[in-house]
Amino acid sequence: MTPHPTALIAEDEPLLAESLRQELATLWPELEIVAMAAHGEAALDAALRTLPQLLFMDIRMPGMNGLEAAQALAEDWPEGRPFPLLVFVTAYDQYALKAFEQAAQDYLLKPVQRERLAQTCERLRQALQQRAAVGMNGGGLAAPDASTLDAVSQLRRLLAAPGLPEALGLPARAAAPLRLLQVSVGQTIHMVPVDEVLYFEAADKYVRVLTAKQEYLMRASLRELLPQLDGERFWQVHRGVVVRADAIARAVRDEAGRLSLHLRERPEKLGVSRMYAHLFKGL
Amino acid sequence: MSLLSRLPYPLRMVVPTALFCVVIAALISGLSRQRLVPSLVYSLCIGLSCWALIDGSRVLGARLMRRLRPEREEHRHDWPGWPLMLASLALCVPAGYTLGSSLADALLGHRSARLWQDGWRELSGVLLISLGASVMATWFFYSRHRLAASRTEAEQARRQAAEMQLRLLESQLEPHMLFNTLANLRVLIALDAARAQTMLDQLIAFLRATLNASRSGDAHPLRDEFARLADYLALMQVRMGARLRPRLELPPALAELPVPPLLLQPLVENAIKHGLEPHVDGGELIVSACLDGGRLLLEVRDTGAGLGQAQQTQETQQAQPGSGFGLEQVRSRLLTQYGAAASLRIEPADDGRGGTRVRLLLPLPSPSYPSHTP
Numbered sequence: 000m001t002p003h004p005t006a007l008i009a010e011d012e013p014l015l016a017e018s019l020r021q022e023l024a025t026l027w028p029e030l031e032i033v034a035m036a037a038h039g040e041a042a043l044d045a046a047l048r049t050l051p052q053l054l055f056m057d058i059r060m061p062g063m064n065g066l067e068a069a070q071a072l073a074e075d076w077p078e079g080r081p082f083p084l085l086v087f088v089t090a091y092d093q094y095a096l097k098a099f100e101q102a103a104q105d106y107l108l109k110p111v112q113r114e115r116l117a118q119t120c121e122r123l124r125q126a127l128q129q130r131a132a133v134g135m136n137g138g139g140l141a142a143p144d145a146s147t148l149d150a151v152s153q154l155r156r157l158l159a160a161p162g163l164p165e166a167l168g169l170p171a172r173a174a175a176p177l178r179l180l181q182v183s184v185g186q187t188i189h190m191v192p193v194d195e196v197l198y199f200e201a202a203d204k205y206v207r208v209l210t211a212k213q214e215y216l217m218r219a220s221l222r223e224l225l226p227q228l229d230g231e232r233f234w235q236v237h238r239g240v241v242v243r244a245d246a247i248a249r250a251v252r253d254e255a256g257r258l259s260l261h262l263r264e265r266p267e268k269l270g271v272s273r274m275y276a277h278l279f280k281g282l
Numbered sequence: 000m001s002l003l004s005r006l007p008y009p010l011r012m013v014v015p016t017a018l019f020c021v022v023i024a025a026l027i028s029g030l031s032r033q034r035l036v037p038s039l040v041y042s043l044c045i046g047l048s049c050w051a052l053i054d055g056s057r058v059l060g061a062r063l064m065r066r067l068r069p070e071r072e073e074h075r076h077d078w079p080g081w082p083l084m085l086a087s088l089a090l091c092v093p094a095g096y097t098l099g100s101s102l103a104d105a106l107l108g109h110r111s112a113r114l115w116q117d118g119w120r121e122l123s124g125v126l127l128i129s130l131g132a133s134v135m136a137t138w139f140f141y142s143r144h145r146l147a148a149s150r151t152e153a154e155q156a157r158r159q160a161a162e163m164q165l166r167l168l169e170s171q172l173e174p175h176m177l178f179n180t181l182a183n184l185r186v187l188i189a190l191d192a193a194r195a196q197t198m199l200d201q202l203i204a205f206l207r208a209t210l211n212a213s214r215s216g217d218a219h220p221l222r223d224e225f226a227r228l229a230d231y232l233a234l235m236q237v238r239m240g241a242r243l244r245p246r247l248e249l250p251p252a253l254a255e256l257p258v259p260p261l262l263l264q265p266l267v268e269n270a271i272k273h274g275l276e277p278h279v280d281g282g283e284l285i286v287s288a289c290l291d292g293g294r295l296l297l298e299v300r301d302t303g304a305g306l307g308q309a310q311q312t313q314e315t316q317q318a319q320p321g322s323g324f325g326l327e328q329v330r331s332r333l334l335t336q337y338g339a340a341a342s343l344r345i346e347p348a349d350d351g352r353g354g355t356r357v358r359l360l361l362p363l364p365s366p367s368y369p370s371h372t373p
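Chain order of the listed sequences is A and B.
Under numbering that gives the first Met the number 0, the first residue of the first sequence is numbered 0, with each subsequent residue one higher.
Under numbering that gives the first Met the number 0, the first residue of the second sequence is numbered 0, with each subsequent residue one higher.
With the rest of the complex left out, here is chain A (with noise of 0.2 Å):
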């Protein structure tokens, strides 16, 4: 334990994470803020870095948005440290509010009112203190790692509230699954049936796409690719990877309670992260 409990704020806009970070010193002293970061991308890193014990989360950011970036952090969260609490900040999203209330996730509208952030700051309090006496009463090692699993669960659930997406302006689901991928390659474009490729893996602005055989690299984000795949046949199992579920021999677990897929027709294994392990409770 810190003497000083910790926070991170991620907020795009400068005036208000200065202003977040004011009001927090007026209404909690001892709070130390351990890092500002303006994109989901920096907040990521910084959270990975600094492991604060609170998370200020704006939804609305360039890059990778507040729920994405509180998704890799789930994924990417070292084990046997307690997953930081996490207070999403909004403007008005009808449908995100929504979302919140559902998942029992706490939430700050903006403009950021002094009481309800005092009221929120009494609840962290207490939720840190109650974190602080479970790990005395010998919880044991499988407290922290029951944080991280409990923030996941939550963040599944807020992920799959309808109307989600559309209120973060992400693509929506498309209304016919796409079933042949143009890849250009130099001057050549190639037409690859969706049902040769054996998975999908994210690479900075491209996307690996995997077939038996081939490989290419196709100028578009897996986010933008996603909702253009039949959610059936195409499972997302990490933020970086989308596998055919048919093409899938087996998932393996290894002593460290990490998954792997081993694929029919290719070397390769694939990682499953926490935040889809769910999808392989069967085995």
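Don't read these hints as lab results, they were simulated from the structure.
Each hint should be verified, as a subset may be incorrect.
Subject to a maximum C-alpha distance of 20 Å in a straight line, what follows is the list of computed EDC-like cross-link-like pairs (lysine to aspartate or glutamate) [stated by the list, open to error]:
hint, chain 1, residue 1, chain 2, residue 2
1, A, 97, B, 173
2, A, 204, A, 67
3, A, 204, B, 280
4, A, 212, A, 245
Given chain A, put chain B in place with the hints provided.
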């Protein structure tokens, strides 16, 4: 008339048909000095029989036509079209006459001439009257029906226009933008009161322009259009800081040209929302005006995220979430204002700096307008 239209279907048409028959009976008995009551009975029986047959064939004919040519609007309102209607009149009038006169014979104990026994010549007068009356009655019902249909259409159009206006206003006063701006304003009041005041003035000008544009829609000079964009961009700059680098280029010679108010607003919003906001480093946003081959060329371009490959494989409108309505609305405004003389193109910017470019070409207000070189 309005009382009639409130009656249930057969009565709505039986009552005026009966009235019509009474008038004809009165005329005939007046002219030929026959007794009124028998004339009335014959007139009513023949008239109502004709009506029943004609209207029955109208409904059946319309049903048939609906199945054959479902795309025609009038078939949906139980109207099979004049050709079928005239054919049905030619058949139904003799049949209706025969039916009606037999009925009246039975009622009055007379025996009147039969079509197939007594030949056409003697009956041609009565038949002509029946035919004339039927055509007139059909015409009467047809025009009343058309009136009602066009009234419904006008009502529907009005409702659609109001709905469109509401959606337009909603999209312009996007709650997320409004509340984020207010959140920034709230912070600025404590930090820098003078800057807060400037920001508030810009917000007021933006709100006023938005409400005015949605109410009147009268054209305003390009100078004002650019001034409103400058207000909006200044508001967005407070929020986005150095990530938004706007540039407005309006040659003084074009400043007075009239344009529909806030025509460019949705395009600038799209450029920010889909081009610059998702981009971690933001980028430039350039709005410019110039003359291009005798037309006004307005351009909104950003150096932001651009249209991805996955998005280009689909229709641009569907692929960019939320932008569909903005673009659709600009397109429909251009169409109502200028018809085919105006155009809108959205494409990836081709100067190697990335991002998207939207080009609007508008006709100049009058051919006599002196052409300037930008």
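Verification of the hints:
The straight-line distance between the Cα atoms of residue 97 (chain A) and residue 173 (chain B) is roughly 18 Å, inside the 20 Å bound, and the hint therefore holds. Taking the CA atoms of residue 204 (chain A) and residue 67 (chain A), the gap is about 16 Å. The hint holds against a cut of 20 Å. Only pairs whose Cα atoms come within 20 Å are accepted, and residue 204 (chain A) paired with residue 280 (chain B) is accepted, the gap being roughly 15 Å. Annotation: proposed proximity of residue 212 (chain A) to residue 245 (chain A) holds, straight-line Cα distance about 17 Å (limit 20 Å).
Going through the hint list in order, the structure satisfies each hint without exception.
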